[in-house]
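**Student:** Start from the sequences, fold in the hints, and give me the full structure.
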Amino acid sequence: MAIVTRGLTKRYGSRLAVDGLDLNVPRGQVYGFLGPNGSGKTTTLRMLVGLIRPNAGDIQVLGQPWSWRDRRRMFRIGAMIETPAFYPYLTGRDNLRVFAATGAPTPATRVEEVLEAVGLADRARDKVRTYSLGMRQRLGIAVALLSDPDLLLLDEPANGLDPAGIVAMRELLRYLTDRGKTVLVSSHILPEVQQLADIVGIIDRGRLVREGPMAALLAGGAQVRVLVRPDEIQRAVVALGQLGVAVEPASPDGPHAAWITVRVPSDQASTCNRLLAEQGIFASAIDATSDLESVFLSLTAGAGMDMDSATNGPPTGWGESETRR
Amino acid sequence: MIGLVNAELLKLRRRWASYVVLLVLLVLMTLVYVLIGLTSPRGGGMVTNLVIQFPSAYAVINQFIFGLGSLLAVSYAAAIGGADWNWGVLRVIVARGEGRSRYIFAKFLGIAIACTIGVLIAYAAGIVLTFLGAALAGTSAGDPLAGAGGTTLLHSLVSGVFVLLQRAAIGFAVAVLLRSQVAGVVVGIVLYIGENILSTILLAITFGSSVLSGLDTHGSQWFQFLPFSIGDSVLSAATPSSISGDLSRAALEPVALVPAALAVGLYLLGALVVAMVATERAEIA
Chain A
1 MAIVTRGLTK RYGSRLAVDG LDLNVPRGQV YGFLGPNGSG KTTTLRMLVG
51 LIRPNAGDIQ VLGQPWSWRD RRRMFRIGAM IETPAFYPYL TGRDNLRVFA
101 ATGAPTPATR VEEVLEAVGL ADRARDKVRT YSLGMRQRLG IAVALLSDPD
151 LLLLDEPANG LDPAGIVAMR ELLRYLTDRG KTVLVSSHIL PEVQQLADIV
201 GIIDRGRLVR EGPMAALLAG GAQVRVLVRP DEIQRAVVAL GQLGVAVEPA
251 SPDGPHAAWI TVRVPSDQAS TCNRLLAEQG IFASAIDATS DLESVFLSLT
301 AGAGMDMDSA TNGPPTGWGE SETRR
Chain B
326 MIGLVNAELL KLRRRWASYV VLLVLLVLMT LVYVLIGLTS PRGGGMVTNL
376 VIQFPSAYAV INQFIFGLGS LLAVSYAAAI GGADWNWGVL RVIVARGEGR
426 SRYIFAKFLG IAIACTIGVL IAYAAGIVLT FLGAALAGTS AGDPLAGAGG
476 TTLLHSLVSG VFVLLQRAAI GFAVAVLLRS QVAGVVVGIV LYIGENILST
526 ILLAITFGSS VLSGLDTHGS QWFQFLPFSI GDSVLSAATP SSISGDLSRA
576 ALEPVALVPA ALAVGLYLLG ALVVAMVATE RAEIA
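Going line by line, the protein sequences match chains A and B. First residue of the first sequence? That's 1 in our numbering, and the numbers climb one at a time after it. First residue of the second sequence? That's 326 in our numbering, and the numbers climb one at a time after it.
Since the hints were made in silico from the structure, they are not lab data. Since the model is a prediction, treat every value here as computed from it, not as a measurement. Take the hints with a grain of salt, since some may be wrong.
As the list claims (entries may be wrong) - Residues on chain B that point at chain A, a partial pick, calculated with CB under 10 Å: (1) N331; (2) E333; (3) R339; (4) W341; (5) V345; (6) L348; (7) A408; (8) D409; (9) G413; (10) R421; (11) G424; (12) R425; (13) A607; (14) A610.
Where is the CB? At the ideal position from N, CA and C, for every residue including glycine.
**Tutor:** Given below as structure tokens:
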């Protein structure tokens, strides 16, 4: 395992930010760490890199127990926590140089390699204060890659990236995992995580509510949608209510058919169809495809939702340098 | 550690504050020396000659560089020390596995090197400006190295840099404790000026009581050991012609060089330890 936490707890005054978290991040995979705003994702990452001390619990990093004073273990970890931070008056290249002088011994040639890897070589001589949000994000990833780490912790890495940048980041992270690296990505851009992650951990109010392979999570999808005529909605809701789960009818304000959402795994679509047919209701359509967003919402009950839907562009690398801020 | 210090020097070289602080000092010095040269009688008067003739001119240069310069050094060190917190870069550095104390120490070493270079440049400028002032006043500045001039110059530089770095360390520690460059600069300046005012008031009270009791001078007073005041004792002892030293010596027995230097060293060390411990214990959010 790349990361194992047991009973990890962080308290701020009377508020439990992280409550007995048990994470299992396997090596060589992309782990999607999801949760609503304020659920404890960033607090967990801060504990994993020694920025803050846990109140309780144990952390193992790369197979060894880890404490916040064990700075040499950090040499094998690359991290971008919260928004990327730089010296605004230095160029992108100089920022990387000064960060390369800290922590893990880093050869000078590595600076140019990571600039190439994140597609910033042509803007490396510009001061960071002139960089767009997306460029800063890429430079933050470059800093995380400086020591060629075995484990990469990225907090919202797709923030501010354009579609081409998101695709390029995904390819870069895939390339890294293909070479045996482990990547933990904290994000609220669920479509992006769905495409990227092998394993998912969902945290809500500081507690882990689900952890497992993405494929298994989606296979046991959390909703089925059926399309019925508006005048049949009430009867359909009653019929589907026999499943004993939440049934959410769409507002029947239009003249056409409306969707009803049933919070059951997608493999129960046929059961839904049968229950409707028994009442003489014949659905126009049944959608049992499951996405991470619906799973996430069902697990977190929509708490603190602030999710973006990222559209993906063509795989054209990091794209052109974005407009200056 | 060398790599860390080099990185700090790169940051300081690229930062405008490094040049602005020195420029402010040089511009003020130039203005004062030009005004002295232009307003003094031809051939200079007795007072003018004290300012623009060596070796007494060293006292004026010291006053500029280690008096006003100290205030600038406190501000500069606070601005540099607090910037890492303001910009959030400390969390990047800690997350890369850098030792917190080690980093803070390297950061101060960088500031110390930059301040020392600044003092050398300003001191050289002070000597040149003394010649300029003398030329404008139509008199000779004399030989800066003649007689005890060379020794005074050396003592001034060594003791002055030592005191200036101690004061910079206090500004640095304040900014690290407050985790803010602006708060560090403001509080550093307030402490520096506040202590000067406090010392002046206490000196006046002590002087008044010595007059009333018919004593020529009092022994050393506790307020002479305050963090910024003790540096004046070092400067005064190392360069006997210092103006501040002459004023305080009128009422107080000056603190001897060795205990004064020890106290300055302790304050310097204490400020660094405070900055390092504060950073070690900090939860970086």
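**Student:** If a hint holds in the structure, say so; if it does not, say that too.
**Tutor:** Now for the hints, and whether the structure bears them out:
1. Restraint check, N331/B versus chain A: the minimum CB separation of about 7 Å is within 10 Å; hint holds.
2. For the restraint placing E333/B at the interface with chain A, the shortest Cβ-Cβ distance is roughly 8 Å, inside the 10 Å limit, so the hint holds.
3. Look at R339/B: its Cβ gets to within about 6 Å of chain A, closer than 10 Å, so that hint holds up.
4. Using the Cβ-Cβ criterion of 10 Å, the hint placing W341/B at the interface with chain A is satisfied: the shortest such distance is roughly 7 Å.
5. Evaluation of the V345/B hint against chain A yields a violated restraint, the C-beta minimum of about 12 Å exceeding 10 Å.
6. A least Cβ separation of about 17 Å between L348/B and chain A goes past the 10 Å threshold, and the interface hint is therefore violated.
7. For the restraint placing A408/B at the interface with chain A, the shortest Cβ-Cβ distance is roughly 8 Å, inside the 10 Å limit, so the hint holds.
8. Interface hint at D409/B: satisfied, since its Cβ lies 9 Å from the closest Cβ of chain A, which is below the 10 Å cut-off.
9. The beta carbon of G413/B comes within 3 Å of a beta carbon in chain A, closer than 10 Å, and the hint placing it at the interface holds.
10. Below 10 Å, beta-carbon pairs count as interface contacts, and R421/B has one with chain A at about 3 Å; its hint therefore holds.
11. The closest approach between the C-beta of G424/B and any C-beta of chain A is roughly 6 Å, which is under the 10 Å cut-off, so the hint is satisfied.
12. Contact between R425/B and chain A, as hinted, is supported at the beta carbon level, the nearest pair being about 8 Å apart and thus within 10 Å.
13. Taking 10 Å as the C-beta cut-off, the interface hint given for A607/B holds, the closest approach to chain A being about 9 Å.
14. A hinted interface residue such as A610/B counts as satisfied when its beta carbon comes closer than 10 Å to some beta carbon of chain A; here the least separation is about 7 Å, so the hint holds.
Against the hints set out earlier in the document, violations occur for numbers 5, 6.
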